[in-house]
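Colleague: One-letter residues, chain by chain:
Number of protein chains: 2
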Amino acid sequence: MAKIIVSDSADLVDRWIAAIKDRRPDIEAVPLAELGDSDEARASVDYALVWQPDPGFLASLPNLKLIVSVGAGLDHLTNDPLLPRHLPTVRMVDPGLTQGMSEYCAWGVLSLHRLFVPLLNSQASGAWQVVHAPIASNTRVGVLGFGVLGSRAGEALQALGFQVCGWSRSAKQHDSIPLYSGDDGLAEMLPTCDYLVLLVPATPDTFHLIDADFLARCKPGVGIVNAGRGSLIDDDALLEALDSGQAGGAVLDVFHQEPLPSDHPYWQHPKVIVTPHVAALTYPETGGEHVVAAINALETGEPLPALVNWDRGY
Amino acid sequence: MAKIIVSDSADLVDRWIAAIKDRRPDIEAVPLAELGDSDEARASVDYALVWQPDPGFLASLPNLKLIVSVGAGLDHLTNDPLLPRHLPTVRMVDPGLTQGMSEYCAWGVLSLHRLFVPLLNSQASGAWQVVHAPIASNTRVGVLGFGVLGSRAGEALQALGFQVCGWSRSAKQHDSIPLYSGDDGLAEMLPTCDYLVLLVPATPDTFHLIDADFLARCKPGVGIVNAGRGSLIDDDALLEALDSGQAGGAVLDVFHQEPLPSDHPYWQHPKVIVTPHVAALTYPETGGEHVVAAINALETGEPLPALVNWDRGY
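Protein chains in written order, with this note's numbering: chain A, 1 to 314; chain B, 1 to 314.
Keep in mind that the hints were calculated from the coordinates and are not lab data.
All values derive from a computational prediction rather than experimental measurement.
Errors might be hidden in some of the hints.
Computed footprint of chain B on chain A, listed as stretches where at least three residues anywhere in the stretch have a Cβ under 8 Å from a Cβ of chain B [said to hold, decoys possible]:
| no. | region |
| --- | --- |
| 1 | 95-101 |
| 2 | 112-120 |
| 3 | 134-140 |
The beta-carbon is built from N, C-alpha and C at its ideal position, and this holds for glycine as well.
Let the hints inform the model, and build the full structure from the sequences given.
Modeller: Shown next, in the form of structure tokens:
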């Protein structure tokens with residue numbers, strides 16, 4: 001009997017196991033915490049569905065054949081210097097996660113667009129400050145990172161009435177959203193966007209993508225929604241742009257250090273909304289389908305869904 | 001030459017006049033404030049595009065043939081006991097206003113659904129409190145009031161992934177949104193909705209529609225978005241429901257008294273977001289089309305768009 005081990009936050013592990021057993025009762029799904037330390041136990045593991053595994057742990061499983069990331073991001077895996085990169089690894093694709101991300105991006109852009117960020121931050125003062133928002137159809141949102149999450153977020157924003165465009169490292173196509181790619185495409189797109197939604201993966205290439213130079217190339221007053229990773233933003237540069245007015249506001253879900261330290265200036269900044277890394281969660285009930293699809297593909301020799309290319313970094 | 005007088009907030013009057021002149025250069029459009037007090041001046045007015053006219057003013061115009069409300073709501077007119085109800089009056093229908101309202105309703109429901117209301121109200125404390133939202137597709141939003149504004153707001157929420165239903169006083173149809181009507185329909189719908197969006201018109205029938213009895217019939221933890229009028233809600237009943245948990249949160253844009261007094265408990269309530277009556281604004285550039293369409297219809301004897309039925313109250 002094939003075995004999969006599952007690690008995730010405590011309240012989700014049982015739901016993952018149920019979601020896998022529902023679809024593949026012939027697979028033994030066990031919490032990583034219950035695996036035990038013996039060589040025999042480690043040798044019994046075929047598949048791993050993991051979130052933030054201890055460094056070296058995956059490398060210690062001699063018969064591991066597949067790694068499935070609980071999240072769409074992979075930095076929780078690449079933090080492990082011993083990560084067995086020769087094994088097939090798949091990113092999470094979950095309709096629930098995709099849905100949550102599009103909700104967050106829509107909410108974040110609307111919060112900026114409707115000029116609600118300073119209102120929300122001063123509500124307790126009881127001051128009635130009427131603000132007039134521009135028309136969404138005259139307002140352009142650029143989605144940086146245009147994979148499964150970015151395209152759905154872009155579609156949700158378009159359905160709300162915004163002009164939407166997208167950018168990705170390599171060229172892509174979309175029926176109704178104009179797309180840009182590469183460095184030239186970014187240079188062309190940036191000055192046209194009132195808001196930017198960050199959904200690019202965290203790779204060495206994207207570390208501090210949003211720095212002083214990037215912000216200076218944006219439209220003055222640009223609003224930033226970061227639902228990707230904290231490493232994408234040079235916080236000092238963003239704070240400086242917010243204070244100078246070059247950036248109009250920011251809705252931030254992810255940070256270099258999480259939890260965001262309670263004395264970080266973002267918490268008190270009138271132009272910033274902080275949310276605690278909740279933009280999108282993977283739901284076992286909907287994500288279980290992808291886990292089982294990856295296992296099925298591996299077992300039957302078909303192409304794996306959302307297979308990671310480590311040369312590319314995602 | 002026919003004459004229309006225009007009253008609105010100061011920064012908008014010139015934009016209205018330009019929007020009317022663009023479409024009907026043969027009509028003289030003048031700010032109400034510049035009309036003057038003489039009988040001759042009053043007799044020269046054919047049409048009135050107004051926001052909160054002084055009581056008795058419209059009745060003092062002997063040749064007035066048409067009243068156009070700057071807003072979708074009419075309470076700013078019915079506050080005038082001398083309102084000439086025998087004259088045709090049309091509500092505002094403006095794509096910009098419709099768009100703004102759907103944005104606000106989407107934003108308000110997302111703020112409640114993603115459990116962000118308490119987070120936003122405590123951001124300055126710097127506490128990282130992770131909250132897990134349910135899946136939108138398992139979540140039902142009821143839109144109360146299903147005219148032009150309600151149907152578009154419902155469609156925007158549906159595009160975001162929510163289950164959506166609607167209610168109106170009289171029976172209506174929609175391609176993709178199930179609708180309820182009348183008292184029986186309301187009784188059937190209320191217990192099924194996780195969130196309610198209030199867009200019913202302010203009439204004697206809807207005064208304090210949201211009272212203790214109404215809230216007790218809702219699903220426990222119901223979230224309320226009020227983008228209609230402050231008179232729809234019995235504030236004491238809502239505050240009691242918020243404190244008991246029968247209501248989970250509220251996003252409120254309109255109030256019995258505006259500006260909302262700075263000592264009102266809504267401002268400080270952890271489950272309430274207050275916005276300063278900005279859910280939707282009429283944009284002269286887009287709403288001008290409707291003003292001119294109403295004038296054209298009157299002049300050619302065709303049916304007036306969005307004509308008010310004073311027996312019904314809207």
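Colleague: Each of the hints needs a verdict: does it hold here or not?
Modeller: Tested hints:
1. 95-101: holds (count 3)
2. 112-120: This one holds; 5 residues, not fewer than the three required, reach chain B with a Cβ under 8 Å.
3. 134-140: Satisfied; 3 residues make the cut.
Consistency note: the structure conflicts with none of the earlier hints.
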